[in-house]
Amino acid sequence: MSGENRIGDTILEVKNISLSFGGVKALTDISFDIKEGEVRAIIGPNGAGKSSMLNVINGFYHPQQGEVWFRGKKRVAMKPYQVARQGVARTFQNIALFKGMSTLDNLMTGRITHMKTNLFWQSIWAGPAAKEELEHRERVEHIIDFLGIQAIRKTPVGRLPYGMQKRVELGRALAAEPKLLLLDEPMAGMNQEEKEDMSRFILDVNDEFGTTITLIEHDIGVVMDLSDRIVVLDYGCKLADGTPDVVRNDQDVINAYLGVSHD
Amino acid sequence: MFYRESGDFKTSYAEDQQSFPIKFDRYAIWILLGFAFFVVPFFINDYWEKSVLVPFLVWSMAALGLNILTGYCGQVSLGTGGFMAVGAYSCYKLMIAFPGMNIFIVVIIAGLITALVGIAFGLPSLRIKGFYLAVATLASQFFLIWMFNKIPWFYNYSASGMITAPERTMFGIAISGPSAPSWATYLFCLTLVTIFAFIARNLTRGRIGRAWKAIHDMDIAAEIIGIPPLQAKLSAFAISSFYIGMAGAMLFGVYLGSAEPGEAFGINVSFLVLFMVIVGGLGSILGSFLGAAFLILIPVLMKNIMVGGFGWPADLAAHLELVFIGGLIMFFLVVEPHGLAQLWRITKEKLRLWPFPH
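Line by line, the protein sequences are chains W and U. In this text, residue positions in the first sequence follow this note's numbering: the first is 16, and each later residue adds one. In this text, residue positions in the second sequence follow this note's numbering: the first is 12, and each later residue adds one.
If you are wondering where the hints come from, they were derived from the structure by calculation, not from laboratory data. Please note that the accuracy of each hint is not assured.
Straight-line distance between alpha carbons at most 25 angstroms, and here's what the computed SDA-like set of lysine to any residue pairs gives [what the hints assert, rightly or not]:
#1 W/Lys131 to U/Phe109
#2 W/Lys114 to U/Pro348
#3 U/Lys34 to W/Ala145
#4 W/Lys169 to U/Tyr38
#5 W/Lys169 to U/Arg37
#6 W/Lys169 to U/Glu347
#7 W/Lys114 to U/Lys104
#8 W/Lys114 to U/Glu347
#9 W/Lys169 to U/Leu362
#10 W/Lys210 to W/His277
#11 W/Lys94 to U/Phe343
#12 W/Lys114 to U/Arg37
#13 W/Lys169 to U/Trp355
#14 W/Lys114 to U/Lys34
#15 W/Lys131 to U/Leu285
#16 W/Lys94 to U/Gln242
#17 W/Lys114 to U/Tyr38
#18 W/Lys194 to U/Leu362
#19 W/Lys146 to U/Lys34
#20 W/Lys146 to U/Pro348
#21 W/Lys169 to U/Leu245
#22 U/Lys34 to W/Lys194
#23 U/Lys359 to W/Met130
#24 W/Lys94 to U/Leu245
#25 U/Lys361 to W/Gly173
#26 U/Lys359 to W/Glu192
#27 U/Lys359 to W/Lys94
#28 W/Lys146 to U/Lys359
#29 W/Lys88 to W/Glu192
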C-alpha cells in the first residue's frame, strides 16, 4: 500500500440513517463516512444490519430518516439504476450473476452505463455501435486479464464453480468503473486459497484503479488486514468506528462478539 | 471439409464478435440465402408458396417477435394473436386509406402501430411477473379481438365483418390480392424476414440485448448495475410487438388475403407462437425459425405422407397429425427442454470433436 496519501476527501457520507420494516428496526441512527480511496469495512454479528446498510447506500432501500451524501451532493430518493449511473457498483452475498450469459457478456453488461449508441446503429451493428462495442470489449478484456479469467471467457457463468462465480461478479462490478465499490461478503463460502486470491484482488483494485471499497465480511482476520477503517454494527446500532486497532480493543465490540457475563 | 473452428484464428475483437464466428457457418448461411433468393423463386409454384414457404416465413417472423419478448427478456406473453390482429387491421386500414402506398412501407407502419399498442399493454409488466403477466397479456388478447369485432370502423363497415386485402403493389408488381404471383409474395416475405432476422440478431447481441437478457436472468441485479427496468421491458415489448405486428400484416395481407379476427388471430394463435418459441428454443434466433418450421412444416409433410402416400382418408390423417405433433412436442421437450436450437448447438459441439471425441 502506498501510505496514507492515497486517501482523499469524503466520497460518501450517511447521516442519522434509520430504517425499519414495519415494527422491526433494521438500522437506528447510523452515521459514518467513507473517504475516497480507502477500504472501509462494515462488520457485525448476523442480523446487525450490514446488508441493509449497503442496500440503503445503493438505493435499494429508502430509509425513513437520515440523509445520504454522495460526492458532496445530497441524494433524494433515487432508484438503484440511477445510483449505479452515479458510479456505485456492488456485488451480492449470494451471487447475482446473469446465469445464462457468458462471462464476457456478464462483464459487458457491467459496462452498460457507459454505452449509449441508439437503436438504429445497434440494429445494423455498424458505425458508432460497432465501434462502441469494440471499445468496451477492450476495457472488459483488461479486467479479464486482471482477474485471470481468460479461460472462462465464453463459458456460461451458471456452469462455473462457486469461487469463479464470485470472481466474475467482482469483474462485472469492476467493469462499471465505479467510484465506490460495495462488496457484500466477497469471501463467504470460500476456502483459504480462494480467500487469499480475493483479498489480493481487492487490494489490487484499490491500489491500481484507486477505487474506494466498502466491504462486509465475517472473516475478522481478513477484515483487520484489508481495511483502513471499520464500522461495527450490532442490532442496527453503531457500536464502534475507527482503525482496526481501535476497533479490536473496543470493549463494546468485544462484548458484542464474545458476549458479556451477567454475574 | 470438417465442421470445426480449429485453424480459424481470430486476431481482432471485431472478428470474434461477428454473428457467425465459424467460417463454415458463414458459408452455409450465404449459400442458403443465395439459394432462397436466386434459385427458389424460379421454381416456386402455387402449392409450395401457399402451403409451405410463405406460412413458414410469416410464422417465423411472429416467433422472432415473441422470442425477443419471452426468450430474451423473459416476459411471458399470451397476447401474440391480439398483436398480430393489430398489425393486420393497421395494414388493412392503411391499404384502404393510401392505395398508392408501397406495401413494404405499409407492413412497416403496421408494425410500428403495433409497437405502440405493445408498449401500452406492456406497462403492467413493471408490476407483475411470470404467470400473472401471462394472464394480463391474455386480457389484451381478448380485449383486442373484441375491439376489432365490435367497432365497425376497423372493418370498414363491411357486412360480413371480415377484412379483405385489396391488390397492392411494390415496384409495380402485385404483392397482395388474388392475382399476386407466387414468386413475388414469396420474395416479399423472404426479404422482410431476412432483414429483420439480421436486425434481431444484432439487437440481441448488443447493448439492448444484454439488458434484456440481464432482466430475464435476474431483474434485481440488472437494476443495480444500472439497467432501468422500465426502459428495458418496454423496449422489449415495443420491438417484439413490432415484429409480431409485421407478421400479422403479412399473414393477413400477403398470405390469407382475408381475415376474421376471432378465426385468424384467436387465442390458439397466441399458443401456437408460444409453442414455436418453446419448442424452437427460448432466446435463440435460429430457434424461432426451427420452431416455426416444426409446427408449420411437419403437419404439411405428414399430410402428404398419410393422404398422398398411403391414401388414408383426410379426416383420419388430420386427427393423427394432432396426436403425432403433440407427441413430438412432448418428446422434444423431454429430450431437450431448451429446444431445437440447443439440440443443434449440442450437435455442433459433437461435430467439432468428431471423429475423435477425446
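Cross-check of the supplied hints:
1. Pair hint W/Lys131 plus U/Phe109 does not hold up; C-alpha atoms about 37 angstroms apart against a cutoff of 25 angstroms.
2. Between the alpha carbons of W/Lys114 and U/Pro348 the distance comes to roughly 17 angstroms, so the proposed pair stays at or under 25 angstroms and holds.
3. With a C-alpha separation of about 20 angstroms, the suggested pair U/Lys34 and W/Ala145 falls inside the 25 angstroms cut-off, and the hint holds.
4. With a CA separation close to 23 angstroms, the supplied pair W/Lys169 and U/Tyr38 stays within the 25 angstroms bound.
5. At roughly 20 angstroms between alpha-carbon atoms, W/Lys169 and U/Arg37 fall within 25 angstroms of each other, so this suggested pair holds.
6. Straight-line distance between C-alpha atoms of W/Lys169 and U/Glu347 comes to about 22 angstroms, which keeps the hinted pair within the 25 angstroms bound.
7. Of the supplied pair hints, the one linking W/Lys114 and U/Lys104 is violated, its CA atoms being roughly 45 angstroms apart against a limit of 25 angstroms.
8. Simply put, W/Lys114 and U/Glu347 have alpha-carbon atoms about 19 angstroms apart, close enough for the 25 angstroms limit, and the pair holds.
9. Between the alpha carbons of W/Lys169 and U/Leu362 the distance comes to roughly 19 angstroms, so the proposed pair stays at or under 25 angstroms and holds.
10. Our distance criterion of 25 angstroms between C-alpha atoms is broken by W/Lys210 and W/His277, whose separation comes to about 37 angstroms.
11. Annotation: proposed proximity of W/Lys94 to U/Phe343 is violated, straight-line Cα distance about 42 angstroms (limit 25 angstroms).
12. For the proposed pair W/Lys114 and U/Arg37, the alpha carbon gap of about 28 angstroms is over 25 angstroms, so the pair is violated.
13. Between W/Lys169 and U/Trp355 the CA atoms are separated by roughly 18 angstroms; this keeps the pair inside 25 angstroms, and the hint holds.
14. For the proposed pair W/Lys114 and U/Lys34, the alpha carbon gap of about 28 angstroms is over 25 angstroms, so the pair is violated.
15. Between W/Lys131 and U/Leu285, the direct Cα distance comes to roughly 32 angstroms. Violation of the 25 angstroms bound is thereby established for this hinted pair.
16. Taken as a hint, the W/Lys94 and U/Gln242 pair is honoured in the structure, with Cα atoms around 13 angstroms apart against an allowance of 25 angstroms.
17. With a C-alpha separation of about 31 angstroms, the suggested pair W/Lys114 and U/Tyr38 falls outside the 25 angstroms cut-off, and the hint is violated.
18. About 46 angstroms separates the Cα atoms of W/Lys194 and U/Leu362, which puts this hinted pair outside 25 angstroms; it is violated.
19. This hinted pair checks out: W/Lys146 and U/Lys34 have alpha carbons roughly 23 angstroms apart, not beyond 25 angstroms.
20. With a C-alpha separation of about 37 angstroms, the suggested pairing of W/Lys146 with U/Pro348 is violated against the 25 angstroms cut-off.
21. For the proposed pair W/Lys169 and U/Leu245, the alpha carbon gap of about 29 angstroms is over 25 angstroms, so the pair is violated.
22. Distance restraint check for U/Lys34 and W/Lys194: the Cα-Cα separation of roughly 42 angstroms exceeds the 25 angstroms cut-off, and the hinted pair is therefore not satisfied.
23. Annotation: proposed proximity of U/Lys359 to W/Met130 is violated, straight-line Cα distance about 33 angstroms (limit 25 angstroms).
24. For the given pair, W/Lys94 sits about 17 angstroms from U/Leu245 by alpha-carbon distance, which is consistent with the 25 angstroms threshold.
25. Taking the CA atoms of U/Lys361 and W/Gly173, the gap is near 21 angstroms; set against the 25 angstroms cutoff, the hint holds.
26. Between U/Lys359 and W/Glu192 the alpha-carbon distance is near 37 angstroms, which puts this suggested pair outside the 25 angstroms criterion.
27. Straight-line distance between C-alpha atoms of U/Lys359 and W/Lys94 comes to about 43 angstroms, which puts the hinted pair past the 25 angstroms bound.
28. At most 25 angstroms may separate the alpha-carbon atoms for a hinted pair to count; W/Lys146 and U/Lys359 exceed this at roughly 30 angstroms.
29. A threshold of 25 angstroms between alpha carbons decides the hint, and for W/Lys88 with W/Glu192 the separation of about 20 angstroms falls inside it, so the pair holds.
Against the hints set out earlier in the document, violations occur for numbers 1, 7, 10, 11, 12, 14, 15, 17, 18, 20, 21, 22, 23, 26, 27 and 28.
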